[in-house]
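A.B. asks: Sequence:
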Amino acid sequence: MRRFFLSKLGDEAAFELACLKLDRGEFLPAARLLSKIANEYPDPTVKSGEINLRLAAVNARVGDEKLAREILAEIKSQPIPPVPVAVIRLVEKDIQQISTQ
Numbered sequence: 406m407r408r409f410f411l412s413k414l415g416d417e418a419a420f421e422l423a424c425l426k427l428d429r430g431e432f433l434p435a436a437r438l439l440s441k442i443a444n445e446y447p448d449p450t451v452k453s454g455e456i457n458l459r460l461a462a463v464n465a466r467v468g469d470e471k472l473a474r475e476i477l478a479e480i481k482s483q484p485i486p487p488v489p490v491a492v493i494r495l496v497e498k499d500i501q502q503i504s505t506q
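Under this note's numbering, the first residue of the sequence shown carries the number 406, and numbering increases by one thereafter.
One or more of the hints may lead you astray.
Just the calculated beta-carbon pair ranges, DEER-fashion [as the list claims (entries may be wrong)]:
#1 445 / 475: 16 to 26 Å
#2 414 / 506: 15 to 25 Å
#3 414 / 471: 26 to 36 Å
#4 444 / 478: 12 to 22 Å
#5 421 / 447: 11 to 21 Å
For lysine to any residue, the following SDA-like pairs were computed, each having C-alpha atoms within a straight-line distance of at most 20 Å [said to hold, decoys possible]:
#6 441 / 469
#7 471 / 421
#8 452 / 504
#9 441 / 428
#10 471 / 504
#11 452 / 421
#12 471 / 485
For the record, the hints were derived by calculation from the structure and aren't laboratory data. Idealized CB from N, CA, C, for every residue including glycine.
Model the full structure from these sequences, guided by the hints.
C.D. replies: See below:
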């Protein structure tokens, strides 16, 4: 992934790896990968809504609830949500559960 990050498929490879890390409960590495795609990749082919939704969820898991809520609010403020509303609600519910623990 490091070697080919700025290649044509680098963002997709990083996104896939981040999703695998999320599945395994490795939230900090997933957060780093997703942030790198969102902030450093010049023209990602992965939809920004997909990246940001996962960033919101993973930031809540690593303890940055404020940033998670900000990212989610940004997603919800768009006139046409970039991801299904049902998925947004699931992430909201997840953030709420984490904040009450």
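A.B. asks: Between the alpha carbons of residue 471 and residue 485, is the straight-line distance 20 Å or under?
C.D. replies: This hinted pair is violated, its Cα atoms lying about 23 Å apart.
A.B. asks: Do the alpha carbons of residue 452 and residue 421 lie within 20 Å of each other, as the hint requires?
C.D. replies: 13 Å, holds
A.B. asks: Please test the hint of 26 to 36 Å on the beta carbon pair from residue 414 and residue 471.
C.D. replies: Since residue 414 and residue 471 have Cβ atoms about 33 Å apart, the given range 26 to 36 Å holds.
A.B. asks: Taking 20 Å as the top limit, are the C-alpha atoms of residue 452 and residue 504 close enough?
C.D. replies: 27 Å, violated
A.B. asks: Assuming the hint says 15 to 25 Å, is it satisfied by the Cβ distance from residue 414 to residue 506 or not?
C.D. replies: Since residue 414 and residue 506 have Cβ atoms about 38 Å apart, the given range 15 to 25 Å is violated.
A.B. asks: Take a quick look at whether residue 441 and residue 428 sit within 20 Å of each other, Cα to Cα.
C.D. replies: Answer holds: residue 441 to residue 428 is near 19 Å, not above 20 Å.
A.B. asks: Taking the CB of residue 421 and the CB of residue 447, does the distance hold inside 11 to 21 Å?
C.D. replies: Since the Cβ atoms of residue 421 and residue 447 sit about 19 Å apart, the hinted range of 11 to 21 Å holds.
A.B. asks: Indicate whether the distance between the beta carbons of residue 444 and residue 478 respects the range 12 to 22 Å.
C.D. replies: Holds - the Cβ-Cβ distance for residue 444 and residue 478, about 19 Å, lies within 12 to 22 Å.
A.B. asks: Is 16 to 26 Å a correct range for the gap between the Cβ atoms of residue 445 and residue 475?
C.D. replies: Holds, since residue 445 and residue 475 (Cβ atoms, about 20 Å apart) stay within the stated range.
A.B. asks: Starting from residue 441, check that the Cα of residue 469 is at most 20 Å away, please.
C.D. replies: 17 Å, holds
A.B. asks: Given the proposed pairing of residue 471 with residue 504, does the C-alpha separation stay at or below 20 Å?
C.D. replies: Holds, at about 10 Å.
A.B. asks: Under the criterion that the straight-line Cα-Cα distance not exceed 20 Å, is the pair residue 471, residue 421 satisfied?
C.D. replies: 25 Å, violated
The structure fails hints 2, 7, 8, 12 (numbered hints given earlier, in ascending order).
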